[in-house]
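Protein chains in written order, with my numbering: chain V, 748 to 1117; chain X, 1448 to 1527.
It is worth saying that the hints were derived from the structure and are not from the lab.
The C-beta atom is built at its ideal place from N, Cα and C for all residues, glycine as well.
Be a bit skeptical, because a hint or two may be false.
To be verified - A few chain X positions that, by computed beta-carbon distances, are all more than 12 Å from chain V:
id: 1; residue: E1460
id: 2; residue: A1477
id: 3; residue: H1493
id: 4; residue: V1503
Said to hold, decoys possible - Computed footprint of chain X on chain V; a stretch qualifies when at least three of its residues, placed anywhere within it, have a C-beta under 8 Å from a C-beta of chain X:
id: 5; segment: 893-907
id: 6; segment: 910-918
id: 7; segment: 928-935
id: 8; segment: 1038-1051
id: 9; segment: 1054-1062
What the hints assert, rightly or not - Some chain X residues judged to face chain V by a derived CB distance under 7 Å, without partners named:
id: 10; residue: I1453
id: 11; residue: W1455
id: 12; residue: A1468
id: 13; residue: V1472
id: 14; residue: I1521
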Amino acid sequence: MQNDLVLVIVVVTALAFDFTNGFHDTANAVATSISTRALGPRTAVTMAAILNFVGAFISLAVAATIATGIVNADLITPEIVFAGLIGAISWNLLTWSLGLPSSSSHALIGGIVGSTLAAVGTEGVLAGGLVEKVIVPALIAPVLAFSVAGLGILICYRIIGGRRPGPVNRGFRLGQIVTGSFLSLSHGTNDAQKTMGIIFLALVANGNLQSSDDVPVWVVVSAASAIAAGTYVGGWRIIKTMGARIIKMDPPQGFSSQAAGAAVILSASHAGFPLSTTHVISGGIMGAGAAKRVSAVRWGVAGNIVFAWVLTLPAAAAVGALTYGVTRIFGTGAAGPLIISIVLLLVLIVVMARRFAARNATTVVAGSGA
Amino acid sequence: MISAAIEWNLVGEVIGVSFAAGLVVITLFALIIFGSTRAADARRAHEGGTATAFTVLAGVAGTAFAAVVVFALIVMAQKG
Chain V
748 MQNDLVLVIV VVTALAFDFT NGFHDTANAV ATSISTRALG PRTAVTMAAI
798 LNFVGAFISL AVAATIATGI VNADLITPEI VFAGLIGAIS WNLLTWSLGL
848 PSSSSHALIG GIVGSTLAAV GTEGVLAGGL VEKVIVPALI APVLAFSVAG
898 LGILICYRII GGRRPGPVNR GFRLGQIVTG SFLSLSHGTN DAQKTMGIIF
948 LALVANGNLQ SSDDVPVWVV VSAASAIAAG TYVGGWRIIK TMGARIIKMD
998 PPQGFSSQAA GAAVILSASH AGFPLSTTHV ISGGIMGAGA AKRVSAVRWG
1048 VAGNIVFAWV LTLPAAAAVG ALTYGVTRIF GTGAAGPLII SIVLLLVLIV
1098 VMARRFAARN ATTVVAGSGA
Chain X
1448 MISAAIEWNL VGEVIGVSFA AGLVVITLFA LIIFGSTRAA DARRAHEGGT
1498 ATAFTVLAGV AGTAFAAVVV FALIVMAQKG
């Protein structure tokens, strides 16, 4: 009974992470399309939400688990997964509040690595896997997307140079609908799988499933729904950063960054090489801007983003480890995860209520001043 | 030891395919725009032959672009 309660808490927390993953990463697919007015904001996020939902059903084999090869799966318990998820959710919420695009996958890996370290020590973490699956891709992804988008926009300008901007921009806006759709679809196929993997792992650990079983339909549907709902809500702060604060984008640049991003993500995905969509798209946007004019990129904003990338793994790991430590204070049962969930939920409600009240007060003041 | 864990040939493959795929897609779409806008200009100037040539260019590039999109969808679906 107590194990089942822990399982329920882990499943709900995993879906909460999936939701934050959705709204945190909405910007990856829609920011450039909104910025160049290829699509209206609400149309863009609605389309992204639907394609994320569809993408979650396209491939299920990847739902093994994101932590495979990074931590020793035999030593993982539902409490470790719970603490790791809290680390990832905390980092996603913090970077969202600062408007910084950061990798949800790295946050999840960081959280799980941190809670594993706290629970079983260094023997639980596979350093080689961490370097191969996290560090190397994190170094390659943005540089690769930067280079492909940069070279791509130069070719693009070479071909369309001298043409009237009106029809050219209209054409590239149409192209952005295709490339943006691809990004949303690939995001659904990659990121919803992570949550499915986490829930599947918890079900196996709890004895509800064998590791050879198929992923249950309810897991697929709930993970797809959570990421789609998160995407629909839209992380508008990050959309603003990616769409307008890194560079001032024209439609050919928007198309090039998205096409380069889609090409890099698909190539990597096909080769089984894990890349962060956030790193890829951010790198693509910077490349498309820098190729036109190096000073077109706001390097201060870009620097903040890269700083957040570097901090993601250790920060999520620290919160994951701390959460595990606090969980253990209440013993090995469901009490720890339950108490932490309730406390964090209350904190979240208070923070959101204060933000809402502050926004309403600003609106009233602005209204009375008008 | 850690360096040995990295599959450098895989890294090379991803870099090579990303460059090829990305640049092909961007070039094809730029050619669609170029062909269709030049064709429209030629039609306005009553240059029938030139308009046809650029329409064909846009059509071929469009077909190739559509083929790449379909191929990418197949790759995505086969991942599972």
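Hints the structure violates: just list their numbers, smallest first. Violated hints (numbers, rising): 1, 2, 8, 9, 11 and 14; every other hint is consistent with the structure.
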